[in-house]
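Colleague: These protein sequence lines are chains A, B and C, in that order.
For the first sequence, the numbering used here begins at 1 and goes up steadily by one.
For the second sequence, the numbering used here begins at 282 and goes up steadily by one.
For the third sequence, the numbering used here begins at 554 and goes up steadily by one.
Honestly, the hints are just simulated from the structure, not real lab data.
Among the hints, a few may not be true.
Derived coverage of chain B by chain A (criterion: at least 3 residues anywhere in the stretch with Cβ under 8 angstroms from a Cβ of chain A; other residues may be distant) [said to hold, decoys possible]:
1) 304-310
2) 341-347
3) 372-383
4) 429-443
5) 453-461
Keep in mind the model is a prediction, meaning the values are calculated, not measured.
All C-beta atoms, glycine included, are put in the ideal place defined by N, C-alpha and C.
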Amino acid sequence: MDKLFDLILRAGTVDRRWIFLVIGLAVLLPLFFPLGLPIRATIATQKVYDAVEALEGNSKVLVSFEYGPSTKPEIHPMTVGLLKHLFTNGHQVYVTCLWPDGQFMAEEALTEVAEEEFNLSYGEDYVLLGFRPGNEAVVKGMVSNIRKLYTTDARGTLVDDIPMMKNINKVADFDFIFSASAGYPGTVEWVQYASDPTGVPISTGTTSIQVNDIMPMVNSGQVQGILAGMPGAAEYEALIGSPGIGTSGMDAQSIAHLVIVLFIVFGNITYFIEVQRSKKY
Amino acid sequence: MLWKRQIPILIATVVGLSTLFGWFIDHPTIESFVNDDATQWYDILASFAIFLGALNLMKLQGKKIIKQQSGWQYSIFAIGGFFFAIIAGFIYKGNDAVEWGIHVTSKGTLFKWMFEYMFTPLSATMFALLAFFVASASYRAFRVRNLEATLLLVSGIIIMVGRVPLGSSISSWFIMYLLVLIATLVVNVKFKDKKITFGALLGGLLIVTIWGSLLGWPIDQPNLFYLPILQDWIYNNPNVAGARAIMIGIGLGIFATSIRYILGLEKSYIGE
Amino acid sequence: MLKDKEFWLVAGGMSLAFIIYWLAGTPLFKEERIVMFLVIVIMSANLIYYTRFARKGGEIFLRAIPGLKAVEEAVGRSTEMGKSVLYVPGIMDMDQVETVAGVIILGHVSKMTSRYETSLNVPVSRSIVMKAARETVREAYTMEGRPDLFQDDMVHYLTDDQFAYAAGVNGIMVREKPAACLYMGKFYAESLILAETGNSIGAIQIAGTASQSQIPFFVTACDYTLIGEEFFAASAYLSQSPELMGGLKGQDMMKAGVTATILLSLLMRILFDLGLIKWNIISILTVQ
């Protein structure tokens, strides 16, 4: 028994690079050999889905991209899923970006969904207004007068010449807001300066870390549900019946979480053995 | 002294009070100042201030190269990267069919290439480090030292496993059997009697088995032991309660600090 | 700080102006926001009262904050080891109060490093923060009588981008191996990257942030963490200045007031839902 404990204690002082290697394999292998674990939507994700489903036909939806390449694996599947859902239901989508990186992400998502999958018409079914600097000042500006901020869209076309921008002058003219946010500025600013003052309903998708900050707003009803990280994206894909990158990443995330839990349990076993030995001697 | 002390304090006080109390005034000019102009002035200042930072960066990295200080080779990459971005942004488009400005997101331009093949992989790599660091930090830090640490550990495990599809595949009966085993361990430590330990184990196993057989072994019943439902409850209740309390405290701290600046009680920004 | 007579003159004048404005029918005032206005006035008055109370010599008790006591220990450790102190004031700009608080604490840390002649390295993520931090450090060194030790390059700009900044700071940590790493400001996802790298080089780490979601990562990886309000209290704690300590007391009283308001509102809402009163407290407390 002592020999076993000695072995466990030696294993417990392993160089952290071995831990990195095991985690790397735990993430990599399921990507090559998918497990196909079933995905069950949580209440928070269901609320987002229900909010979008409840929109009347041909609603005007403002989607804001506030993420970059680093958080793309978590949030991009959400935005792609949301765009698919919105276009399937026949809504008009207006895209803004509070982050400069967000414009690149928006271009990619719109190309993939609006152009290639749905073959929609730019300026009539969707428009990319683009990035404007100013953080929450952009949100406040849009609440009072969009055309003061956006004279042209991201492609250089005058906003006045875009058919679907007719009668869109401020945030209150939209029927729904969705914020795909990885930090500041993001969901909090949209809720504080746009949704709460104007009463336009809002839903959001954020990184897993940010969910804590937004959850009080979801519970108070200020935000209609939340897509929480990659699991939220996978759940949303399952609800709309279109599995994508979010779904394929969940096997890897499941195994990685399990491995981390096993490491924690193992770490505590070594801790107990050390404590017992120090008491004994 | 007037320029270095009284005038900065006056500017901070006037602008601070105007922005704070301007929110209560129903006048278009004041509303425009509070909602748009104040923050935009700041953004314009910050944008021009980038020159200060860029010059400082070039100066430091250049000095390292000229004096061949330790690690000077990395400074070549720093300066090279800086000028490459300048060229891609302002000098060479790479696709003459697009206008300056929108060339940053247009296909076929050097800037877009730089974003897709340099910036994106580098950003994603740095963020991916978090996965490894979370594992090593958790391994090192999550120890059952006291009651609070135990609660943290248990709730952390429940949320980590319950949040992912794997968690919804784990039956609540498996969790109940696991709890019976843990309870037996605790009984053994407390009473140190084999008969009592064996009795507790057998009793626990029988109760769970009979209960499960009667209900037909549904995966998500009883609710209390189904990980996704448990993690949802932890997220929505104790977690949000704690988050709200911290948010209120932080909000008050931000208010107090801001008021101290506006009223001139805190003068550290001028070095006092 | 105004003397008593001057203070009451100013306060009286402002009150009189407000009364005249009120009697004139509050032109241009958004009356739906009166509650928030009163809250701001009451909270500010509370802060000013306790600040003056402390200034006049009133006793203010401040509990020990281990993270702040450890700052001097960390600087001392760096001095003994002949290594530098790395100070990271967050990744946001001076428009965030946390960054401002981080720069304030930097001032106190600089006083310690100048006193002990320890080298200080402050990589920053924003140009305006660089200027403000530089002035703060310069002033601290001058006040300690060691302007000769100050160099402009102590505070230097890296990059605005979050992860590029994290990579840059990590590189500094791994190459220069500072003995103490202090993270004081607003952080996002890079917090764990910084803290874990600091841990791997064996540095003593003290973090302070009001970024709620990053606090758990700092608690896990750092030796000491200032959580939420403790971070804003740091300036008062380190300087022991009466005005700042009075402000802290005022902050605590505000928290007591908020707690009492929450409990009272809960009770009134219950009574409203039961139909025992007709007055909905939520409609009054909702910010318009």
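Colleague: Of the hints stated earlier, which fail here?
Modeller: 1, 2 and 5
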